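**Q** One-letter residues, chain by chain:
There are 2 protein chains.
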Amino acid sequence: MLEFDKTPSYQSVRDAATQLRGIAIRTPLLESMALNDRLGARLLLKCETLQHTGSFKFRGAYNTLSRFSPAQKSAGVIAYSSGNHAQGVALSAKLLGIPATILMPEDSPAIKLNNTRGYGAKVITYDRYHQSREEIGEKIAKDGNLTLVKPYDNYFVISGQGTTGIEIAEQLKERDIRADICAAPTGGGGLIAGTSLALRELSPRTKIYAAEPAFFDDTSKSLATGERVENQDGHQSICDAIVTPTPGKITFGINRRTLSGGLVVTDNETRAAVRTAFHYFKCVIEPGGAVALAALLEGKVDIRGKTVVAIASGGNVDPSLYSEILQEGDQ
Amino acid sequence: MLEFDKTPSYQSVRDAATQLRGIAIRTPLLESMALNDRLGARLLLKCETLQHTGSFKFRGAYNTLSRFSPAQKSAGVIAYSSGNHAQGVALSAKLLGIPATILMPEDSPAIKLNNTRGYGAKVITYDRYHQSREEIGEKIAKDGNLTLVKPYDNYFVISGQGTTGIEIAEQLKERDIRADICAAPTGGGGLIAGTSLALRELSPRTKIYAAEPAFFDDTSKSLATGERVENQDGHQSICDAIVTPTPGKITFGINRRTLSGGLVVTDNETRAAVRTAFHYFKCVIEPGGAVALAALLEGKVDIRGKTVVAIASGGNVDPSLYSEILQEGDQ
Chain A
1 MLEFDKTPSY QSVRDAATQL RGIAIRTPLL ESMALNDRLG ARLLLKCETL QHTGSFKFRG
61 AYNTLSRFSP AQKSAGVIAY SSGNHAQGVA LSAKLLGIPA TILMPEDSPA IKLNNTRGYG
121 AKVITYDRYH QSREEIGEKI AKDGNLTLVK PYDNYFVISG QGTTGIEIAE QLKERDIRAD
181 ICAAPTGGGG LIAGTSLALR ELSPRTKIYA AEPAFFDDTS KSLATGERVE NQDGHQSICD
241 AIVTPTPGKI TFGINRRTLS GGLVVTDNET RAAVRTAFHY FKCVIEPGGA VALAALLEGK
301 VDIRGKTVVA IASGGNVDPS LYSEILQEGD Q
Chain B
1 MLEFDKTPSY QSVRDAATQL RGIAIRTPLL ESMALNDRLG ARLLLKCETL QHTGSFKFRG
61 AYNTLSRFSP AQKSAGVIAY SSGNHAQGVA LSAKLLGIPA TILMPEDSPA IKLNNTRGYG
121 AKVITYDRYH QSREEIGEKI AKDGNLTLVK PYDNYFVISG QGTTGIEIAE QLKERDIRAD
181 ICAAPTGGGG LIAGTSLALR ELSPRTKIYA AEPAFFDDTS KSLATGERVE NQDGHQSICD
241 AIVTPTPGKI TFGINRRTLS GGLVVTDNET RAAVRTAFHY FKCVIEPGGA VALAALLEGK
301 VDIRGKTVVA IASGGNVDPS LYSEILQEGD Q
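Which chain is which? The protein sequence lines are A and B, in order. Sequential numbering from 1 applies to the first sequence in UniProt numbering. Sequential numbering from 1 applies to the second sequence in UniProt numbering.
Okay, chain A solo, but in the shape it has when bound (with noise of 0.2 Å):
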């Protein structure tokens, strides 16, 4: 039986990396000479939008499932999500022949419905005001002997996402850059858990931080105090892909050693991004893949004269959202 509970380490980054050759795609570092003049600084955006699925997510999932038993492959998995863990769940099940259920919000983005569907998921949607997908997740796991692939707290799934971090790494040594800072959007924390625990050994330079949506703030604020602490109820964000209501276990574990802090962004700044990044890289972005964007670009953290890297996590945004966004201003 695989275990899911152990604590990723550099080692299992560079095993998932191993486990996803040739599958995963080796997503752009893109930089733009003229927003770099406009900053004093030297941005890289790391596009994970570009990814299978429009998301890092596939790199988790994908490094989960691949190494399901043959008896676990044939029972199935289930997962809950947002939605970006459900599409890379999804296609990953597709790709290795596992039959998918996935729980989704039911108010969730429809183009995050409809494309997990599309990879041929069973898709179950909840009230996720109302009702605790953790549970009914763990019943349907149970009654029907379906493995259960939590969003973050899952060994293979932080590595398989700190697979972007090595890609990171990789990619400022060939054009022979170190960076200053590197920030990822954070919702349970395991893109950033996964990355930190590469860069930390690749790059041990640079400072890595957690960028999150105001009120939804959890790593930031449990970085600050050295616990885990819960989110407040009653607030929204735009941000739907990282509304999580508190770190997770073993993200937590890894983010506190090995980050340097949060920064927290309002939904206007990250509405301001995401139009940067259509007119500067060309890239769609989500509100919830643009808020490392936007704490950088908002100097969050001081980034004048340095080399930084935002991650741009996702692109699965509803068009009508998109436009919205982009008609609100000039950037």
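Source of the hints: derived by calculation from the structure; they are not laboratory data. If you're wondering where the values come from, they're calculated on a predicted model, not measured in any experiment. Check each hint, because a few of them may be wrong.
Any copy will do: because identical chains look the same in the list, a pair fits if it lies in one copy or spans two.
[Unchecked claim] DSS-like mimics (lysine-lysine), calculated; alpha carbons at most 30 Å apart, straight line:
#	residue 1	residue 2
1	207	139
2	173	94
3	94	306
4	207	94
Chain A is already provided as a structure; the job is to place chain B on it using the hints.
**A** Just chain B now, kept in the frame of chain A:
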């Protein structure tokens, strides 16, 4: 003095690749498993939207300007362009320390006018319905002893654009793929001419097509008749980047030998392709940059069961038009 009127060859394209190494971005060749499933074909998208200045035009411009003599460099460059060649010349001139004057239609997309100015070029606008850019350009060039770099009928420009084709061939080879078809958006014909020189040599079994908007299908008609024909007046298209009146003399001399034909799409088909790129590739493509993708998606040549490459040649679209296109329909 540089000779701009020579006929490019595979060797001159190869030489341009050397000149551009480490300067131009090696843009990704993307594919979407979900779209491939839908199409029953394998479609690869060469994303020149991610090139410096948001279009392939940087390649040809830099290849040309970087060969100027010291006297040419200090006197400066002049170019006329609907906007993408303008930006390519402006950024290349900036990188090389060459003063640049750019003649652009007064109704160019704001994003193209602003970006060109942003790279430090002096922009002069003209009325493209009543004035001849060729005449104005040649007068300014003569008066100020500036070197005129035409947008396509130039040996070094065509050779530079052809480096797109070298990269496509290399990227196909890395993945052990053979392409049956490659299509590129075609205005004056520089991109497809250069690309075809590369592919004829490196991927000789790939059929190459010029894609054009309806009513601006001068290359398609010229290929069919064997002679350079002009478009009829009185039509409009949203594809501002490629609404040229007639094929270039040098470019058509190449294209008549290397291409299998032309593919013509309506503006509505182009708009649908822009939406498809948003959904499946998270890439912002401008209308003129999406006509090759549109032609393949619409089956203007049969792609079922085949491996096909569409070049997405540019991404400089005003947010208002892009929003309008996104909101029009489901794709």
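**Q** Against each hint, give a clear statement of whether it holds in the structure.
**A** Status of each hint after checking the structure:
no., hint, verdict
1, 207 / 139, "neither (41 Å within a copy, 55 Å between copies)"
2, 173 / 94, "between (35 Å within a copy, 26 Å between copies)"
3, 94 / 306, "between (42 Å within a copy, 22 Å between copies)"
4, 207 / 94, "neither (37 Å within a copy, 32 Å between copies)"
Violation of the numbered hints given earlier is confined to hints 1 and 4; the remaining hints are satisfied by the structure.
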